[in-house]
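When you read off a place in the sequence shown, starting at 1, and then add 81, the result is the number in my numbering.
To be clear, the hints were calculated from the coordinates, so they are not data collected in a lab. Remember, it's a predicted structure, so these values are computed and weren't measured experimentally. Certain hints may be false.
Unchecked claim - If you anchor each label on the Cβ, the simulated ranges turn out as follows: (1) V175 with Q107: 20 to 26 Å; (2) G162 with G86: 17 to 23 Å; (3) G176 with Q102: 28 to 34 Å; (4) E177 with P118: 29 to 35 Å.
Heads up, the beta-carbon is just placed ideally off N, CA and C, and yes, glycines get one too.
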Amino acid sequence: MMMTGVLQGLLDRYGQSVTVQSGGTQEPAAGRAFLQPILDRREDWKQRRPSPLGLARKDRFLYLGEPDLPLSMGDRVTCLGVDYEVQAAQPILVGEVLSHWWAVLRVRDREVAQDGQ
Numbered sequence: 082m083m084m085t086g087v088l089q090g091l092l093d094r095y096g097q098s099v100t101v102q103s104g105g106t107q108e109p110a111a112g113r114a115f116l117q118p119i120l121d122r123r124e125d126w127k128q129r130r131p132s133p134l135g136l137a138r139k140d141r142f143l144y145l146g147e148p149d150l151p152l153s154m155g156d157r158v159t160c161l162g163v164d165y166e167v168q169a170a171q172p173i174l175v176g177e178v179l180s181h182w183w184a185v186l187r188v189r190d191r192e193v194a195q196d197g198q
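Modelling step: build the complete structure from the supplied sequences, incorporating the hints.
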């Protein structure tokens with residue numbers, strides 16, 4: 082079995098439902114992906130940092146998604162009601178076959194809540 086088949090099986094069974102809205106297309110594409118926080122071990126790193134409008138989220142998320150769900154910088158990914166913006170993305174090849182998409186996402190900026198959450 083090829084790696085893409087193994088990964089697709091894992092995505093089908095354990096992946097989260099996502100939609101990708103590309104800047105170039107109007108129709109969002111649905112699929113499955115793994116999304117998880119990227120943990121940073123530096124002591125000075127915080128998930129929320131001050132901004133002129135209050136506290137802003139600065140946490141990043143790792144995205145591993147289906148090969149049929151291409152991503153590019155600036156695209157929007159929605160998962161479990163949260164909108165993310167693609168900060169970096171690249172296709173991952175196994176030989177000459179597209180295995181999956183790798184990306185780093187950030188929560189899209191919204192108005193910061195009054196209580197800072």
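Taking the hints in turn, this is what the structure says about them:
no., hint, in the structure
1, V175 with Q107: 20 to 26 Å, "violated (32 Å)"
2, G162 with G86: 17 to 23 Å, "violated (30 Å)"
3, G176 with Q102: 28 to 34 Å, "holds (30 Å)"
4, E177 with P118: 29 to 35 Å, "holds (32 Å)"
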